[in-house]
Amino acid sequence: MDTGKNVQKFILPMGPQHPALKEPGHFEFTLEGETVTAASVRLGYVHRGIEKATESRNWTQNLYLLERICGICSHIHATAFALGVERLAGVEAPPRAQAIRSLLAELERIHSHLLWLGVTAHEAGFDALFMYAWRDRETVMDLLEQLSGNRVHYSANVLGGVKFDINAEQATAIRIGLDFLEARTRHYLDVVATDATFLQRTRGIGIMDHELAKNLGVIGPTARASGVLRDVRVEAPYAGYRDFPVEPVLSQGGDLEARCTVRLAELLKTYATIRLILDQLPAGDLVARMPRKIRAGETISRVEAPRGELFYFIKSNGSEFPERVRVATPTIRNLASAMALVVGRHLADVPMILAGVDPCFSCNDRAVMLSRVDAEPEHWTWERLRRAGIAHYGGRMVDAGEVAP
Amino acid sequence: MTETESTLPDAEALLRPMGGPMTTPEPNRLDVSVPASQLVAAANCLVAAHWGHLAAITGLDGGAESGMFEVLYHFCAGPAVVTLRTLLPRAAPVVPSLTGLITCAGLYERELSEMLGISIAGSSNTDPLYLPDDWPAEVYPLRKDAQLPGEISGTGAS
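Going down the list, the sequences are from chains A and B.
Under our numbering, read the first sequence as residues 1 to 405, first letter to last.
Under our numbering, read the second sequence as residues 1001 to 1158, first letter to last.
Please keep in mind that the hints were generated in silico from the structure rather than gathered at the bench.
These numbers come from a predicted model, not from an experiment.
Quick reminder that beta carbons are idealized off the backbone N, C-alpha and C, glycines included.
Worth double-checking, as some hints may not be accurate.
Said to hold, decoys possible - Once the Cα atoms are required to be at most 20 Å apart in a straight line, the calculated PhoX-like pairs of lysine-lysine come out as:
id : chain 1 : residue 1 : chain 2 : residue 2
1  : B       : Lys1144   : A       : Lys52
2  : A       : Lys315    : B       : Lys1144
3  : A       : Lys315    : A       : Lys293
4  : A       : Lys315    : A       : Lys52
Unchecked claim - Which bits of chain B does chain A cover? Going by a derived footprint, with three or more residues having C-beta under 8 Å, they are:
id : segment
5  : 1087–1093
6  : 1127–1134
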């Protein structure tokens, strides 16, 4: 409310630990009254120096290292790297492997989008939706575990193909899971479009029209919710998407409501793609033979992560180790847009606008150094870290006999 | 005609007046060498024509023997990728900021600057983005000869 008096200017630091987001990022918002007039961001709290670390690991070790950039979209990082290294080596993974890569990527998209739906609902104060979304997400987590043995780091890729096949029993389990998730997704689409309280937090908020979205350079669902077609699966199909095309979902809304509906509506397309892959899974080998040393050269590998375009630049000097691996993740691009969108909005909208771009800080922040405030920084070798891990969990190991029926 | 065929020649036509050498390392890619002094003009050729979007900025260290850095600006449109390549002397590496043309370039430039020690001329924000506040000055971790504090560059099992 403009009272005509001089409004006190505040700078409000938020984070790295803060009530609005569950991941570490530091923001500074300049406020005049309740209105944000400037915003800046400081990252790096989970930076692990992974780009540097790739230079001292061989091509195979790097596949596993890069998969650990993100704990949400792990598979897509390994896929981007594997596709790039295969191109450098002049090797094409077999069609069945490419289809399984895309199948896993789409399952990962389901878990990522449902996780996002929960976080956004929570930021809006709609915790019932948050809990239902995360309950349903367990369906896809169980499927991923059934396929790979893991909930998060599936390690499905090897250089030249994939590690595991999909059998008839697993395909049936996926189909049953998708039927359940499809019904739930349709319900959530209805909820985000009709729930009056939720709409108060999303409709007309954080508006980014087509032109602004293009200028801010946003990508992924954040762009598609402003009518900008940015989807690498569609623009430059890779892996299994050449055989199993994806239909993009666009909205002209440009506000938070559109970002909600686009993500949910594209889940429905994802279910269709997975069913198609399962129906027409090409027969054949899972792995093509790869050389140990990769011939010198540079390549660019682009894939569509759940949050948007994931960009890998890979340079080989002809040895067993890469010369340089550059990873550009979608969040950094979308976060820049969030910093622009909060300006002029009320402080209370900030968490929702941030959540609207589905930020993922691990993706941005890639360096291992243990540092305590009360002591000198302590450096651990990988071996020491490994032994500490074994000792820690060894002490807690549950005897299988205790839990078996 | 695929989209690549229609867009890469467009980019080539847009960048031809810049006069830099062009190569096609892969069928969907066009690399254009641009001196730092013409970088903004070259980027503007693409931006003004609404050709693609800046997907990433990559800094490469050629090592002390080569005495050069190379900064790559990757623009993507559909499947096509155009890379503007700028060579810089390791002794005084400076590139102009693209933030006047491309808003989201700022965060990439901050990363490039702190990781390789390349100065960004005309940048409004030069604060570190990722590195800790107590990171030692003049230590640029992505340089090949970087003396990193402690063992953070350790090679796994060694």
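>> For each hint given before, does the structure comply? Return the numbers of the non-compliant ones in rising order.
In response: 5
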